[in-house]
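With these hints in hand, go ahead and build the complete structure from the sequences.
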Amino acid sequence: GLFIFSSIVSLFIGWAIIDLFKPGLHMVEVGKSILASSGADTASKFDSNQISLAHFVQETIPDNVFNAFSGGHIIQIVIFSLFFGVALTKIDKKGRDALALIFDSIMHAMFAICNTVMKLVPIAVFSSIAGVIIKHGFGVLETYLIFIGEFYLALAMVWVAIYIVSLQVVGRKINTLIAKITPPLSLSFATSSSEVAYPAVFEALEEFGVREKISSFVMPMGYSFNMIGSMVYFSFAIIFITQVFGIDISFSDKLYIFFMLLVTSKGIAGVPRASIMVISSAVTAFHFPEASILLLLPIDAFADMGRSATNVYANAVMTTFIDKWHKDE
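If you want our numbering, it's the 1-based position in the sequence shown plus 33.
I should point out that these hints are in silico values taken from the structure, not numbers from a laboratory. Ideal Cβ placement from N, Cα and C applies to all residues, glycine included. Don't take each hint at face value.
Each computed DSBU-like pair below joins lysine-lysine, with the alpha-carbon atoms no more than 30 Å apart [said to hold, decoys possible]:
(1) K206 - K357
(2) K213 - K55
(3) K287 - K55
(4) K246 - K357
(5) K213 - K246
(6) K55 - K168
(7) K55 - K65
(8) K127 - K152
(9) K206 - K65
(10) K360 - K206
(11) K246 - K360
(12) K65 - K287
(13) K65 - K213
(14) K152 - K206
FRET-style restraints, in silico, Cβ to Cβ [said to hold, decoys possible]:
(15) D281 - F38: 25 to 31 Å
(16) L327 - S103: 36 to 42 Å
(17) L200 - L288: 27 to 33 Å
(18) G172 - N100: 36 to 42 Å
(19) M190 - E245: 29 to 35 Å
The following block contains the structure:
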């Protein structure tokens, strides 16, 4: 319940900040240019008919797994993988091991391809930014800087909110924990990964006095279900996309989209660029312009550092909450 509540609050904080400043409105001409170059029409009004339980199920359950892979429907691929994994447990060990070996080889081959592609990403991002700046001027760069500034403002609000609550629950000794987790926070910020900081945070919690049976249960769960920094980014990214492309979305439609993000983001990996995959699945599911992801790539690395550190901070502090509330057990 704590994780769900904190995720919802984080979504709304991000929504409130980006709706207040509206940085995407400064890139409307860029959005029109991107749509024109791709041969797409500007979707000035979001199709509310897509907002329904039936649509959610349709976008979650694949009717054709090959279409899911070719269309980039991440949620459908994950659902299929879960069912396929369960099915593998039902067959004999010989067949299961053979398939596992094949898929393991495919996985390593895909990792090799991804590693090669990732080496070219900086060149692609630089070329993308350079092309946009040449065509639309340095105002685009200014908008990106504003976006990052507002995003970190939202993260700061989340940090302050968590700290205020921690003073009420744990007391002023929470400052001791924050001092202990400062090195792993810096590590997660520098590497854009919350996973690399896990061992150091776990050790800091034990030194702080959190019982091992609590930290060993709550921390792994938090790393899957309490990615607060990522939730702030989701609301920022979706609203930014609608502002740039002039997509009109009602309040109820936004609530539905955020609900879908809240559900589908659970279990997200704490590795660099994982959040962009969730955004990509939402873009595909709600038929936003495919170029939306290209708009976010130039700034995703900078946003990723902040959201990774926030995820670590939130999970460490909230673990002390659980330990405090179950002290007598």
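Outcome of the hint check:
1. K206 - K357: At roughly 12 Å apart (the allowed maximum being 30 Å), K357 and K206 satisfy the hint.
2. K213 - K55: violated, 37 Å
3. K287 - K55: OK: K287 and K55 at ~15 Å, within 30 Å.
4. K246 - K357: holds, 13 Å
5. K213 - K246: holds, 20 Å
6. K55 - K168: holds, 22 Å
7. K55 - K65: holds, 17 Å
8. K127 - K152: Violated. K127 to K152 sits at ~38 Å, over the 30 Å cutoff.
9. K206 - K65: violated, 53 Å
10. K360 - K206: Given that 30 Å is the threshold and the Cα spacing comes to 16 Å, the pair holds.
11. K246 - K360: holds, 11 Å
12. K65 - K287: holds, 22 Å
13. K65 - K213: Not satisfied, since the Cα-Cα distance of roughly 49 Å exceeds 30 Å.
14. K152 - K206: It is violated: about 44 Å lies between the C-alpha atoms, which goes past 30 Å.
15. D281 - F38: 25 to 31 Å: The hint (25 to 31 Å, Cβ to Cβ) holds, given that D281 and F38 are roughly 30 Å apart.
16. L327 - S103: 36 to 42 Å: violated, 19 Å
17. L200 - L288: 27 to 33 Å: holds, 31 Å
18. G172 - N100: 36 to 42 Å: holds, 40 Å
19. M190 - E245: 29 to 35 Å: holds, 32 Å
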